[in-house]
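If you're matching them up, the sequences are chains A and B in order.
Each residue of the first sequence is one higher than the last, beginning at 1 in the numbering used here.
Each residue of the second sequence is one higher than the last, beginning at 1 in the numbering used here.
FYI, nobody ran anything at the bench for these hints, they're computed from the structure.
Yeah, the Cβ is synthetic: ideal placement off N, Cα and C, and Gly gets one too.
One thing to keep in mind: the hints can contain errors.
To be verified - When the alpha-carbon atoms are kept at most 20 Å apart in a straight line, the in silico DMTMM-like pairs for lysine to aspartate or glutamate are as follows:
#1 A:K91 x B:E23
#2 A:K22 x A:E48
#3 A:K91 x B:E593
#4 B:K649 x B:E593
#5 A:K91 x A:E115
#6 A:K91 x B:E31
Said to hold, decoys possible - Stretches of chain B that chain A covers, calculated by requiring three or more beta carbons in the stretch to come under 8 Å of a beta carbon on chain A:
#7 11–25
#8 245–255
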Amino acid sequence: MHNSNKAPTRTRASAPGNAPLKPVHQLILLLLAERATYGVDLLARIDEHSEGTVRLNAGSLYRLIGQMLEEGLVEAVEAEAAPGQQGAPRKCYGVTTTGREALATEARRQARLVEMARSLDLIEDG
Amino acid sequence: MPTSGPSPFLRRLFGFFPRNHREAFGAEMWEVVRYRHGQRGRGVWAGWKFNAVTAMDIVWSALQMRGTGMGRWMMSGWRGFGMDARFTLRGLGRAPAFTLTALVVIAVAVGVNTAVFAFVTGTLLERPPYESPDELVMVWASNPGNGQIRDVISGSNFVDLLEHTTTLSSLAALHGDEVVMMQDGRPVVLPAFEVTVDFLSVLGVEPAVGRDFQAEDRVSGGGATALISYGFWQDGFGGDPGVIGSSLELDGEPTTIIGVLPEDFRFAGAVPVYVPLHEDDLAAESRTHHHYNMIGRLQPGTTPADVTREMSGILAGITSQYPQLTGWSVLAEPMTEVTVEAVRATLWLIAASALLVFAVVIVNLGTLFRIRTLERMGEISIRTALGAPRRRIAAIILAEAIGLSALGGALGLFLAPAVLRLLSAIAPPVVLIPNSAAAIPVLRATLEPTVQLLVFAGALAAGALLAAPSLITALAPTSGISASRGSSRVTSGIRSKWLVGVEVALAMVLSVGAALTVRSANHLASQDMGVVGEGVLTTYFGDVEDLPTAQRAEYFRQVIIAVEALPGVERVGTNDYRPFEGEDDFQGVRFPERPTPEPGRGPREEWRRVSEGLFDAAGMRITRGRGFRPVDFEATPNAVVVNEAFAAKHYPGQDPVGRRLTVTEDGYRDVEIVGVVADVLSRGPAVAAPPVLYAPYQAAPRGHVSLFVKVSGDPMSYGPAVREAIWSVDSRQPVLSMIPLEEVVRRSMAVQTMMSRVVGAMASATLILAALGVFGVVGFMVRSRTRELGVRLVLGATSGQLERGVVAGMLPILGVSVFVGLFLSVVTSRALRSILFGVSPVDPIAFGSATLIVAVMVLLATYLPARSVSKVDPARVIEPA
Chain A
1 MHNSNKAPTR
11 TRASAPGNAP
21 LKPVHQLILL
31 LLAERATYGV
41 DLLARIDEHS
51 EGTVRLNAGS
61 LYRLIGQMLE
71 EGLVEAVEAE
81 AAPGQQGAPR
91 KCYGVTTTGR
101 EALATEARRQ
111 ARLVEMARSL
121 DLIEDG
Chain B
1 MPTSGPSPFL
11 RRLFGFFPRN
21 HREAFGAEMW
31 EVVRYRHGQR
41 GRGVWAGWKF
51 NAVTAMDIVW
61 SALQMRGTGM
71 GRWMMSGWRG
81 FGMDARFTLR
91 GLGRAPAFTL
101 TALVVIAVAV
111 GVNTAVFAFV
121 TGTLLERPPY
131 ESPDELVMVW
141 ASNPGNGQIR
151 DVISGSNFVD
161 LLEHTTTLSS
171 LAALHGDEVV
181 MMQDGRPVVL
191 PAFEVTVDFL
201 SVLGVEPAVG
211 RDFQAEDRVS
221 GGGATALISY
231 GFWQDGFGGD
241 PGVIGSSLEL
251 DGEPTTIIGV
261 LPEDFRFAGA
271 VPVYVPLHED
281 DLAAESRTHH
291 HYNMIGRLQP
301 GTTPADVTRE
311 MSGILAGITS
321 QYPQLTGWSV
331 LAEPMTEVTV
341 EAVRATLWLI
351 AASALLVFAV
361 VIVNLGTLFR
371 IRTLERMGEI
381 SIRTALGAPR
391 RRIAAIILAE
401 AIGLSALGGA
411 LGLFLAPAVL
421 RLLSAIAPPV
431 VLIPNSAAAI
441 PVLRATLEPT
451 VQLLVFAGAL
461 AAGALLAAPS
471 LITALAPTSG
481 ISASRGSSRV
491 TSGIRSKWLV
501 GVEVALAMVL
511 SVGAALTVRS
521 ANHLASQDMG
531 VVGEGVLTTY
541 FGDVEDLPTA
551 QRAEYFRQVI
561 IAVEALPGVE
571 RVGTNDYRPF
581 EGEDDFQGVR
591 FPERPTPEPG
601 RGPREEWRRV
611 SEGLFDAAGM
621 RITRGRGFRP
631 VDFEATPNAV
641 VVNEAFAAKH
651 YPGQDPVGRR
661 LTVTEDGYRD
671 VEIVGVVADV
681 LSRGPAVAAP
691 PVLYAPYQAA
701 PRGHVSLFVK
711 VSGDPMSYGP
721 AVREAIWSVD
731 SRQPVLSMIP
741 LEEVVRRSMA
751 VQTMMSRVVG
761 AMASATLILA
771 ALGVFGVVGF
781 MVRSRTRELG
791 VRLVLGATSG
801 QLERGVVAGM
811 LPILGVSVFV
821 GLFLSVVTSR
831 ALRSILFGVS
841 PVDPIAFGSA
851 TLIVAVMVLL
861 ATYLPARSVS
871 KVDPARVIEP
881 A
């Protein structure tokens, strides 16, 4: 395939140089880090954890998954049939080492921000 | 309306994604769509919202992924549009009458078109939810010589056809029936289908829960089993999966429920119970006991004609052993064709009318819109003078047109479910398959998002279209300088007049169509149907097939006595079937004065076993001789009554009263014709009555008959009392389908009534639109000629003269358009020939009345705004500008 040097036009989950992860990417990575799973289950857990503030649909969910697969943050893992599930096993997604590193970097960055906010008495110690 | 899954349309939108993404995630994305679909709320609005949100999510995500800059282009376009939208809203707010008119007109057009297309596509184009429905065929027994084109077949013949066919990969027999389920000690009658075990596999349908019938259900002797519908499973068992294997008492027999049909399974309406027919029982049935419908699936590479040929050959082989089958052949037809044949012409007419309304709306709004632009020419020329580029002006005009269409269209989509409910309410629940003894529900309208999106897109395109004349006017090179001058406006007014002319011509076409269908429906409604429906309650009752003949007859006699004893009941009669509902029943007839025919060659006619009071109760008129008397019911029957069609066929030009005949059913030998009764148009108002012979019921009563109760007052108010009276004889006997006879008659004309109502409503709408267009144009012409008219008033003309002048100015164009409309009507009304009854497609009364109505409306719409001439103040118009 012809390899063009043009910069990718689509937005990235994490820009080079460990720039901040977007909240929705972070949420997906965290949930997948907790447990590798398939699309519908992931969607249900996003609904649950975000308490309805993040509501993805088919198109947006798989656009994000596709993007993170391409960037090496997540990977398709060996599929397993869910308990009680009949038919072919579903394809599952899990977090790669790169994904875990990105999550850790992001968590450290946010921890620093939280520390700063606390020192300015913007939030209480907790 | 409940559907089993999300619309396939959404899946088609996956096509926006890049191919590799689609291939990698298509199935998973669909799973997510299904999951979200399961979470949506109930109701049409929730369904609509789900479709809109999902479609936008898919398209938007795909555009972002494609990364071609299309998304950014759309965004920038949207921002520019936003600025124009603000101007537009302000402009529209300043002209509330115009805005409101346009919105209402678009909303009505979109609402009506969405509903009509949902209705039409739902019936004509929706593929039935079976596997490869094009391979399915309806197979009929056919006896063209006897006028029975599509008849049911006997069980024994079915078994032979099943065994020998090579053109069909599978074949099933079925029969609409009822089963009685005991509930709280009272019989509850459930509609049921008796089907052979291959029924579901012919259709390619699998039960949603449990299993299909199996080999052991093929023959009798095993335990009774049943499949139930999804609706019955939900309503009767709360959707409990544990119902599989449980037992239900049907017709007094413990019956095991083995499976639940899929939610979207509709073969012929919502039938809750399916019980198996056993092939050994079928094989033992009489060859002439025609009873079952058949459906089959074509072998690859074969056609329905091949099936017809092969099966007629098989039947000919059987006929050599059973001469009574002489004259019978087999007819196979594509199922998807048969089920819509009865309503196709009507539905296309309705669809064509709706499209015509849409066309008139576009022309109408185009006219109004253009007038509005002409009146804003002053403002536009100032903008141009101040340096506004032409494309900016074009954008504002387009934004106004598309904005109005979008808003009106959205309102219309809200309106559509109500219109669809209205249509569904006046549509018949079932229609008779032409030339058959079968009735089928064919009108299954659902509000598909595809249709909604299509009509909405049509409205937006129409919006852009209706801006075209305005754009041409506003962007004309001379617009800036001549805008404020009368000459240009008058020329423009003349162009608008021609647009109005087009509207009037189209309104003329629809009005003629409406007048023709209304005349046809009136003609049908005024037909003598052969019964008098007012004040008659009808019901089916009894399930005493298993009793000996004498006890059966006694049961019916006692029920008649019990019901007749009710206060307010004037007369009671029984008949094998209710007319107008697609039932038929043939029996051989022999005439002693004629040579004995060869076996199977003798005439067969419809016959009905009736009680003494039937003719009085149902208002059937005796035209010669006498009706039945009590004495005719005391012993072996010696008297029969025939209808006029029977008399005309078998005794042309002679008096049949006093002649004798024999019915080939034991107990009716050598009976005397004692009277002739008027024909009952039992196959519908547009079909000639078949010859029928009425015989006293007591020698061979059916086990299940219809009851006719003539009462004083509202028939339905007698329902509970009649039911109790029937149960006072035997409380285990079912009573079902209780409706007034008037309703039965009304239903038989439902397709025609629906057609005339819908086309009539649409014609009224176009007429109002056309009048509105004329009104707008004439008003505009008066306004644009204010200066000229003022000068003429000063010079001594009276306002009356000027009014007449304005009206006269419109007359040539209106005359021409009415004439063109009439010409178009003559051309198009030929297409109506097949659905008009008793009315010629060029019926002068219909053409005359439609022309008169259109002319009066249009003249009124011209005259009313012309009167504003008198408001012109000459003093003001001659002031220096």
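Here is how each hint holds up against the structure:
1. Taking the CA atoms of K91 (chain A) and E23 (chain B), the gap is about 13 Å. The hint holds against a cut of 20 Å.
2. A distance of roughly 19 Å separates the Cα atoms of K22 (chain A) and E48 (chain A); the hinted pair therefore holds under the 20 Å criterion.
3. At roughly 83 Å between alpha-carbon atoms, K91 (chain A) and E593 (chain B) are farther apart than 20 Å, so this suggested pair is violated.
4. Proximity of K649 (chain B) to E593 (chain B) is assessed by CA-CA distance (about 15 Å); at most 20 Å being required, the pair is judged to hold.
5. Pair hint K91 (chain A) plus E115 (chain A) does not hold up; C-alpha atoms about 40 Å apart against a cutoff of 20 Å.
6. A C-alpha spacing of about 12 Å is found between K91 (chain A) and E31 (chain B), which places the hinted pair at or below 20 Å, so the restraint holds.
7. Counting residues of the segment 11–25 of chain B whose CB falls under 8 Å from any CB of chain A gives 4; the rule of at least 3 is met.
8. A count of 0 residues in the segment 245–255 of chain B with a Cβ less than 8 Å from any Cβ of chain A is obtained; the coverage claim is therefore unmet, three being the minimum.
Hint violations for this structure: numbers 3, 5, 8, all remaining hints satisfied.
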